[in-house]
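Per the numbering used here, numbering of the sequence shown is gapless, rising by one per residue and ending at 454.
Be aware that a few hints might be false.
[Said to hold, decoys possible] Here are the in silico distance ranges between beta carbons for each label pair:
{"id": "1", "residue 1": "Arg327", "residue 2": "Asp218", "range": "21 to 31 Å"}
{"id": "2", "residue 1": "Arg383", "residue 2": "Cys237", "range": "36 to 46 Å"}
{"id": "3", "residue 1": "Ala420", "residue 2": "Asn369", "range": "14 to 24 Å"}
The set of hints was computed from the structure by calculation and includes no laboratory data. By construction, the Cβ of each residue, glycine as well, lies at the ideal position given by its N, Cα and C atoms.
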Amino acid sequence: MAEIVPFYGVLPAKEVVSRVAALPYDVYSREEAAAEAAKDRLSFLNIDRPETQFDSSQDMYAPEVYAKADEMLRTEIAEGVFVQDEEKNYYIYELTMNGRSQTGLVACASIDDYIHNVIKKHENTRAEKEEDRVHHVDRCSAQTGPIFLAYHRDERIARVIARAKTQAPIFDFVSEDGIGHRGWRIDDTSDILEICEAFAAIESIYIADGHHRAASAVRVGLQRRAEHPDYDGTEEFNYFLSVLFPDDELLIMDYNRVIKDLNGLSVSEFLEQAGEVFEITPMSERKKPEQKGSMTMYLDSRWFDLKVKEQFCTTDPIEGLDVSILQNHLIGPVLDIQDPKRNRRIDFVGGIRGLTELERRVDEDGWAVAFAMYPTSIAELFAVADAGLLMPPKSTWFEPKLRSGLFLHLFER
Numbered sequence: 042m043a044e045i046v047p048f049y050g051v052l053p054a055k056e057v058v059s060r061v062a063a064l065p066y067d068v069y070s071r072e073e074a075a076a077e078a079a080k081d082r083l084s085f086l087n088i089d090r091p092e093t094q095f096d097s098s099q100d101m102y103a104p105e106v107y108a109k110a111d112e113m114l115r116t117e118i119a120e121g122v123f124v125q126d127e128e129k130n131y132y133i134y135e136l137t138m139n140g141r142s143q144t145g146l147v148a149c150a151s152i153d154d155y156i157h158n159v160i161k162k163h164e165n166t167r168a169e170k171e172e173d174r175v176h177h178v179d180r181c182s183a184q185t186g187p188i189f190l191a192y193h194r195d196e197r198i199a200r201v202i203a204r205a206k207t208q209a210p211i212f213d214f215v216s217e218d219g220i221g222h223r224g225w226r227i228d229d230t231s232d233i234l235e236i237c238e239a240f241a242a243i244e245s246i247y248i249a250d251g252h253h254r255a256a257s258a259v260r261v262g263l264q265r266r267a268e269h270p271d272y273d274g275t276e277e278f279n280y281f282l283s284v285l286f287p288d289d290e291l292l293i294m295d296y297n298r299v300i301k302d303l304n305g306l307s308v309s310e311f312l313e314q315a316g317e318v319f320e321i322t323p324m325s326e327r328k329k330p331e332q333k334g335s336m337t338m339y340l341d342s343r344w345f346d347l348k349v350k351e352q353f354c355t356t357d358p359i360e361g362l363d364v365s366i367l368q369n370h371l372i373g374p375v376l377d378i379q380d381p382k383r384n385r386r387i388d389f390v391g392g393i394r395g396l397t398e399l400e401r402r403v404d405e406d407g408w409a410v411a412f413a414m415y416p417t418s419i420a421e422l423f424a425v426a427d428a429g430l431l432m433p434p435k436s437t438w439f440e441p442k443l444r445s446g447l448f449l450h451l452f453e454r
């Protein structure tokens, strides 16, 4: 069963919390990160992406870069930018976007639960991305970006969180993108015990987002175990920073596709081949798909509704995903894009950017066709993970993004 524990939280001082909070390190290119970090020296992006402290010729994976991250973190703790709690607590993190809120429990999850598949995954990690975070976590002796976890709603946990949220928040601000962020501390002994016991009865926890951060944290924890063969399992390196959300509060947005060319086909030839898989209906205006088994397509300055034909529908947790049907029956065999992870003829556009971005990519940037997807559901994600399978690339887009720097977990106290 799941071991989800309180920890000695390291939090920004209240007067600077909105300046510290930063989007995850991996949403930026190197150039974007440098420009964003330069806006405010207290932005946590400076620590999360320490190559921003060097000129562009610096090898961003060199030891001195990770040493710089550690130096900045320790300096800011010493200067009071960050303050560590004296007791182990749970915390609450609420995000509000467009009037819709989701509330997560900030805690530490066990690396053993990850190893033994109590914490379940749905995608592979890339070695180079994982290696970067291993060096960052190891050098800083800290996890600085939380893993986004999900679980089947539990009423005991919900009651404790609801009760804690009646207290005054420890931070409350709106970020530049309009997302509201509020946090609370759960420090009552009986509440802490109630949450521990409730999670101990939960069979499975799921990684929603942050597979690379999770894998890196586990690798560092195993390294520390090897360095300390007398470890007893209670050391902080046996746990990694997480925010856990009940499944009924999560929003997965569409993750859309744009294709550079039609693989030598004319528009009419492509529509004919696509018609073997989908029932295609011209649309008078752009529109998102409204149900599973459908998608909309922008081609030749026109929008089309695509409904998957019955013979291509399946209850298989992977093959039945809309993204799989599109890839396996059209993008792969017709457009000859066999490896969407590496093929530069395909790109992926998060649903947060809307349908106008798909039109722009086709009309202005010269891409040939765009597909607007119906979002993968959290139930589908759970089913894939429960089956021990992996989702196709770019199947889920979660919004809003968890901010880094609001909660830190140090290995040494």
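Need the list of violated hint numbers for this structure, in ascending order.
none
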